[in-house]
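Below, each chain spelled out in residue letters.
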Amino acid sequence: MIKLHFDGKECTGTKGQTILEVALANGITTIPTLCWLEGLHPEGACRMCVVEVEGSPKMLTACTSPAEDGMKILTRTDKLKEYRKQILELLFAGRNHFCMYCSASGDCELQALAIEHGMDSVRYPYLFPNIENDTTSSDFMVDRNRCVLCDRCIRTCQEIVGACSLGLEKRGWVTNVISDLGEKFGNSSTCVSCGACAQACPTGTITIREQAYRGRRKDCDKAVEATCPLCAMGCKINVHVRRNSLVRIDGVTGSKYADGGQLCRKGRIELLRASEGPRLTTPMIRSGAGFREASWDEVLDLITEKINKADKSKSGAVASLMTPIDELKYFAGFFGALGIKTDCREGRVPPEAKYVKESHVRSADDSINDRENEVNRMRSILAASPWLGVGSEPSEKEPVGKGMLSLDFLFFRTTGLVEPCVDVLDALDHSKFSVVQTPYISHPMAYLADVLIPAAAWFELAGICEPAVSIKEMCEVLESLAVRLAIKIKEV
Amino acid sequence: MSDKPKVATVWLESCAGCHMSFLDIDERIVNLLSQVELTASPVTDIKDIPEVTLGIIDGGIGNEEELHIAQELRKKCKILMVMGDCAVFGGINTMRNSLTPEQVLKGAYADGATPTTVNPSGKLPGEDIPKLLPQANAVDRYVNVDVYVPGCPPDADAIYYALSEILAGRIPVKIPADMTRYD
Chain A
1 MIKLHFDGKE CTGTKGQTIL EVALANGITT IPTLCWLEGL HPEGACRMCV
51 VEVEGSPKML TACTSPAEDG MKILTRTDKL KEYRKQILEL LFAGRNHFCM
101 YCSASGDCEL QALAIEHGMD SVRYPYLFPN IENDTTSSDF MVDRNRCVLC
151 DRCIRTCQEI VGACSLGLEK RGWVTNVISD LGEKFGNSST CVSCGACAQA
201 CPTGTITIRE QAYRGRRKDC DKAVEATCPL CAMGCKINVH VRRNSLVRID
251 GVTGSKYADG GQLCRKGRIE LLRASEGPRL TTPMIRSGAG FREASWDEVL
301 DLITEKINKA DKSKSGAVAS LMTPIDELKY FAGFFGALGI KTDCREGRVP
351 PEAKYVKESH VRSADDSIND RENEVNRMRS ILAASPWLGV GSEPSEKEPV
401 GKGMLSLDFL FFRTTGLVEP CVDVLDALDH SKFSVVQTPY ISHPMAYLAD
451 VLIPAAAWFE LAGICEPAVS IKEMCEVLES LAVRLAIKIK EV
Chain B
1 MSDKPKVATV WLESCAGCHM SFLDIDERIV NLLSQVELTA SPVTDIKDIP
51 EVTLGIIDGG IGNEEELHIA QELRKKCKIL MVMGDCAVFG GINTMRNSLT
101 PEQVLKGAYA DGATPTTVNP SGKLPGEDIP KLLPQANAVD RYVNVDVYVP
151 GCPPDADAIY YALSEILAGR IPVKIPADMT RYD
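As you go down the protein sequences, you meet chains A and B in turn.
Per this note's numbering, the very first residue in the first sequence carries number 1; after that it's consecutive.
Per this note's numbering, the very first residue in the second sequence carries number 1; after that it's consecutive.
The hints are simulated quantities; they were obtained by calculation from the structure and are not laboratory data.
Where hints are given, some of them may not hold.
[What the hints assert, rightly or not] A short, non-exhaustive set of chain A residues, derived as facing chain B with CB atoms under 8 Å:
| hint | residue |
| --- | --- |
| 1 | G94 |
| 2 | V122 |
| 3 | Y124 |
| 4 | Y126 |
| 5 | F291 |
| 6 | E293 |
[As the list claims (entries may be wrong)] Result set (DSS-like, lysine-lysine): computed pairs, CA atoms no more than 30 Å apart in a straight line:
| hint | chain 1 | residue 1 | chain 2 | residue 2 |
| --- | --- | --- | --- | --- |
| 7 | A | K306 | A | K79 |
| 8 | A | K85 | B | K123 |
| 9 | A | K218 | B | K174 |
| 10 | A | K79 | B | K174 |
| 11 | A | K81 | B | K47 |
| 12 | A | K85 | B | K78 |
| 13 | A | K432 | A | K472 |
[What the hints assert, rightly or not] Facing chain A, a subset of chain B residues (Cβ under 7 Å, in silico):
| hint | residue |
| --- | --- |
| 14 | W11 |
| 15 | I92 |
| 16 | R96 |
| 17 | S98 |
| 18 | T100 |
| 19 | E102 |
| 20 | Y142 |
| 21 | N144 |
| 22 | C152 |
| 23 | G169 |
| 24 | P172 |
| 25 | M179 |
For every residue, glycine included, the Cβ atom is placed at its ideal position computed from N, Cα and C.
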């Protein structure tokens, strides 16, 4: 154990810790940082964390200097404040740090530091360098004029993601963050588009398109920690919510979780994308090329009539993997009572659900195992035997099945989460009558339906926002249908 | 004429949002105007700048006329305050600085991405309007500045704070962090 003094306060640490680590462990928050990020190895690139140490002729960077026993450290002298302000002024003069047209303004660490240090003017001439930006990626944009060369993105890509896509080119003020030794981000063969670099970026340099201008973190009403629903990895997500609308999804950083805040592209971008759209609030019935609003009675009567007429062996029902187990029980019980075979016993999720979960994990890999499962699933559809598939996304890997599907009746329950794949759209397209229960009227599946029923969206089911439609309401729809069809929903 | 301190404000290369924000100090302006005499200003529409105690510049400097006005005001005022990011840092006007003025004019009037019905022949502005400087820049690149109020626009509170401090004779003025903004 070693003893250090921060501005006169005695603190304890262990040998091997840096000055900053000891300070943070002892609740000293007067050392500003910019390039330092918890979970990454310190680099000392920005020099914002400089401190004065008694006996040392020069200022030391707290993030990289090892703490030693008996150090007397000053963290907030006038000299340090002036020095740090000077660093900020040089950073501002170096590139384009005009906040008024930056999507990160208000969320920016550089801006916050400058305001904190009372930077009301810049003494140095601006360089206005002609730096090329990169907007080739469909998922994010890189505005290198906003870059402070803190290296946080590069270290994140290396140490947390393990993709090692990012690096630096050139030297001095024209240094740039690049991917794949100079390849455009859109053409990068190593980038997995996970967006971890954007979360690590302290300025507006790397921006995820889906998050840009949705709102600032500080303007959000709440940040809810939840579990990503997309696969069995169960990554922790930090969902920022403003006025019941999702603003951004961050990984949960810090030492709390072993993954260091890593999310995949689906978790960070697709999940967010699936949270916006015009909500379906009333049932609707197809009318020509569009839909018209209808009463519940009219819709339920119509569905009852169609189910009665339909050949049960040529009918199907699919529920999204995100469907809550309470609703899933009703779903399986209802269609089971109609003569549709289900594997949903004793309230357990049917094996298909497990399978789909696993397939999400291996989504990029086209293994034989996957193919066998998919082929088996598709065969059952082609044989038009009664089926209940529980999965968010029957695969698009069986093009042979396209167009051969012809169902009398198809019920699809989605949470708005996934882009539907071709075979589901085909199945909907070829159904004589289809019902889609969806949160969004803009959902691609909704365009092919004959009847639309409102549903809760994934983030409402996950308890992140107040639900527009409750699970109880969704179960009531099936109950009303059961009464009309004179069947009893099976206990499952 | 009163012996109240005189104030002149000018609007250079900017959107006038800072003057709008100045008017956003609302009813406090009554008290303020009882203590000063507002002379030349876009608010009073008086163009000739007299000798004043406080000169206020809203906007950066990007052409010869703006430079001239800034220099005139500097000569005629005891204290010069700049407000808004354009005047303090250069702001959005500096977007053109990676190009030459010739490229900028050509891009705007002749090779613009949007077809124009107003100027189909792509005629460039002649000598009748002020010539662009090589770069658009902050005011303090050309004249000495005493008080900086950053923000795009600055909060009305920040402007009021700066004016109150100057009136009370407390210079230099530092806008507190909770009133400072750059956007």
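Going through the hints against the structure:
1. G94: Violated - the Cβ of A/G94 stays beyond 8 Å from chain B, reaching only about 13 Å at its closest.
2. V122: 6 Å, holds
3. Y124: Violated, about 11 Å.
4. Y126: 6 Å, holds
5. F291: Status violated, d = 38 Å.
6. E293: 41 Å, violated
7. A/K306 / A/K79: 80 Å, violated
8. A/K85 / B/K123: 46 Å, violated
9. A/K218 / B/K174: Holds, at about 25 Å.
10. A/K79 / B/K174: 18 Å, holds
11. A/K81 / B/K47: It is violated: about 42 Å lies between the C-alpha atoms, which goes past 30 Å.
12. A/K85 / B/K78: 28 Å, holds
13. A/K432 / A/K472: 29 Å, holds
14. W11: 17 Å, violated
15. I92: At about 6 Å, which falls below the 7 Å cut-off, the nearest Cβ of chain A leaves the hint on B/I92 intact, so it holds.
16. R96: Violated: closest Cβ of chain A sits about 9 Å from B/R96, beyond 7 Å.
17. S98: 5 Å, holds
18. T100: 12 Å, violated
19. E102: It is violated, given that the least Cβ distance between B/E102 and chain A is near 16 Å, above 7 Å.
20. Y142: 12 Å, violated
21. N144: 12 Å, violated
22. C152: 4 Å, holds
23. G169: 19 Å, violated
24. P172: 10 Å, violated
25. M179: 10 Å, violated
When each numbered hint is compared with the structure, violations occur for hints 1, 3, 5, 6, 7, 8, 11, 14, 16, 18, 19, 20, 21, 23, 24 and 25.
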